[in-house]
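Student: Chain B with the ligands: place on chain A using the hints.
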Amino acid sequence: MIRLTDVAKEYPRSGVALAQISFEVKKGEFVYLTGPSGSGKTTILKLLYLDDKPSRGEVWVNGVSSKTATGREISRLRRRLGIVFQDFRLLEDRTAEANVRFALEVTGAPKATIRAKVARVLTQVGLAAKATSFPPELSGGEQQRVAIARALINDPFVLIADEPTGNLDERATRGVFQLLRDINSSGTAVIMATHDLDLVRRSNYRTIELNHGRVVFDSAESPASARPFEEPWEVRETPPDSTEGI
Amino acid sequence: MRSAREALTASRRAPLLSALGVVTIAFSLFAFGLFGLVAINIRKALDQVEERVEVRAFVSDSTDIESVAAAMKDIGEFPEVLRVDYVSKEKALERARKEMGEFADVFEAGVLPASIEVHLRPGMRSPTSVRSVADRMKTYSFIDDVRYGEEWVEKLYRLRNIATVAGIALGVAFAAVAIIIIGATIRMTVLARAKEISIMRLVGATDMFIRLPFLIDGLVKGVLGGLLALVFVWVANRVVNEYFMETIFFDRQLVFLGVVGGAVMGVLGSLVSVGRHLRRI
Ligand SMILES: Nc1ncnc2c1ncn2[C@@H]1O[C@H](COP(=O)(O)OP(=O)(O)O)[C@@H](O)[C@H]1O
Ligand SMILES: [Mg+2]
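Just so you know, the sequences run in chain order A and B. Quick note on the numbering used here: the first sequence kicks off at 1 and runs consecutively. Quick note on the numbering used here: the second sequence kicks off at 247 and runs consecutively.
Next comes chain A alone, as it looks inside the complex:
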């Protein structure tokens, strides 16, 4: 479904952002992308939604290759992706409902189905009651739920989330995280970049850790003990998820 083969990314001024990145994400998988700030998490996610192209190597997403993708193919691919950011990226002058609807309207979805779909995803994220609120009237956690609703509107096969809890307090973080788990358990893959190690440790999902643009750990490939965390890996309560690939 998603495959990176020996991907490197260099920026003209800041140099190497990613090097020798290879991994695969299977259908329905939940993957954490961790690592310190500046380690390349955001860059990898950008490559996944083809916002940028790798300097070397190839990125495959749902049959679309970074080497050959046309603008039209990229647009079509993104309709099958859900993308969520730390800063929500909502339009402040539109209601929650309008923000979600926007994603359907600008991709030319048939009008007849829009209303029902919007109501469904707002209910799914637990915000049906706040449909007519504007983003500034919502808490951070609620705004992120609107953003997630917008990401879900096209029934994505994967939800890509870049530090989605980075701006949220403890309680809201737990809520959003639970929501992402629910979304994952209904079959949507989730790739979530975070440097919240507590969150990572508390759950048993596959973890890919980056440092200086390289993969230093992938729980799908290495035994748990090889994990370069300062704390022992025993914190984990359950063994790695059985859906994890090779």
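Everything labelled a hint here was simulated from the structure, so no lab data went into it. Here the structure is a predicted model, which means the values were calculated and not measured. Honestly, I wouldn't trust all of these hints.
Far from chain B, some chain A residues (derived; all Cβ distances over 12 Å) [stated by the list, open to error]:
| hint | residue |
| --- | --- |
| 1 | Asp51 |
| 2 | Asn99 |
| 3 | Gly187 |
Pair by pair, the computed Cβ-Cβ distance ranges are [unchecked claim]:
| hint | chain 1 | residue 1 | chain 2 | residue 2 | range |
| --- | --- | --- | --- | --- | --- |
| 4 | A | Gly108 | B | Arg498 | 34 to 40 Å |
| 5 | A | Asn62 | B | Trp480 | 56 to 62 Å |
| 6 | B | Arg522 | A | Lys67 | 52 to 58 Å |
| 7 | B | Trp480 | A | Leu91 | 28 to 34 Å |
| 8 | B | Ser444 | A | Lys67 | 55 to 61 Å |
| 9 | B | Val423 | A | Lys26 | 26 to 32 Å |
| 10 | A | Pro12 | B | Thr410 | 46 to 52 Å |
| 11 | B | Thr410 | A | Tyr11 | 50 to 56 Å |
| 12 | A | Tyr11 | B | Phe495 | 57 to 63 Å |
| 13 | A | Pro36 | B | Arg522 | 49 to 55 Å |
| 14 | B | Val423 | A | Glu58 | 35 to 41 Å |
| 15 | B | Val423 | A | Gln20 | 37 to 43 Å |
Cross-link-like lysine-lysine pairs, in silico, DSS-like; alpha carbons within 30 Å at most [to be verified]:
| hint | chain 1 | residue 1 | chain 2 | residue 2 |
| --- | --- | --- | --- | --- |
| 16 | B | Lys441 | A | Lys67 |
| 17 | A | Lys130 | B | Lys441 |
| 18 | B | Lys441 | A | Lys111 |
| 19 | B | Lys384 | B | Lys401 |
| 20 | B | Lys441 | A | Lys53 |
| 21 | A | Lys117 | B | Lys401 |
| 22 | B | Lys401 | A | Lys46 |
Where is the CB? At the ideal position from N, CA and C, for every residue including glycine.
Tutor: Relative to chain A, chain B with the ligands alone:
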């Protein structure tokens, strides 16, 4: 339609700059139009004059009619030549009398020489081709002198060329400014809507879908500028007609072409700007 609605909201964000864009497009087309009018009116005058362009070769008195007939046959085969007539001394006198009216008596038979009168084909009446025909006719020994309306044909041609060049130069200069201003207004709206556009990108709106409102914006401004220019040129033409001389106005195709020109400028301005700035968002 969503795109059209969005195009209008875009213009509302920068009303002054938008108006300026429309006015510069109008100025550009006004310059084209004004000099274009001068050019088509000179063109019309030239057409009338050209119909009368003739080359007249005066024949020596002593020439025998056979040589003249042979020369006429030769000249008639020049590719530029439409018709060759012989004007005898008697006919020349008759014409002169008719033209001079009350002074008709002044002329006496034998004063005016016989001549060969040559009319040229349409499209072959430019100063150079007239001169070349005249030069070839001069080579006959019995032809004393060749005359044609040399100076004023050349003057008219020169005037028309100047009007055309001036119109194009001024119009192009204004057009460049118009495209830059339209580009600037569109850039402002692109930047004002940067967040919206980046979200559209993320959720999979196509480039064309994102561009369309801006292109419509440019198109509308261009057409408005074209119509405004049309009003300017029409008023200018009315004024000239009223106070100076009778002129002709553009026909329907040229008017349409002018408005299309405005539309092209508007779309070009937005294309340049949108292409450059969308990529950075
Ligand atoms: N658009 C860019 N231009 C230049 N350098 C960049 C750009 N985006 C990221 N980088 C560099 O790439 C490296 C990885 O950044 P990033 O992927 O944002 O890290 P993270 O998301 O893990 O904090 C950093 O050194 C950063 O400075
Ligand atoms: Mg980041």
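Student: If you check each hint against the structure, which ones fail?
Tutor: 1, 2, 6, 7, 8, 9, 13, 14, 15, 21 and 22
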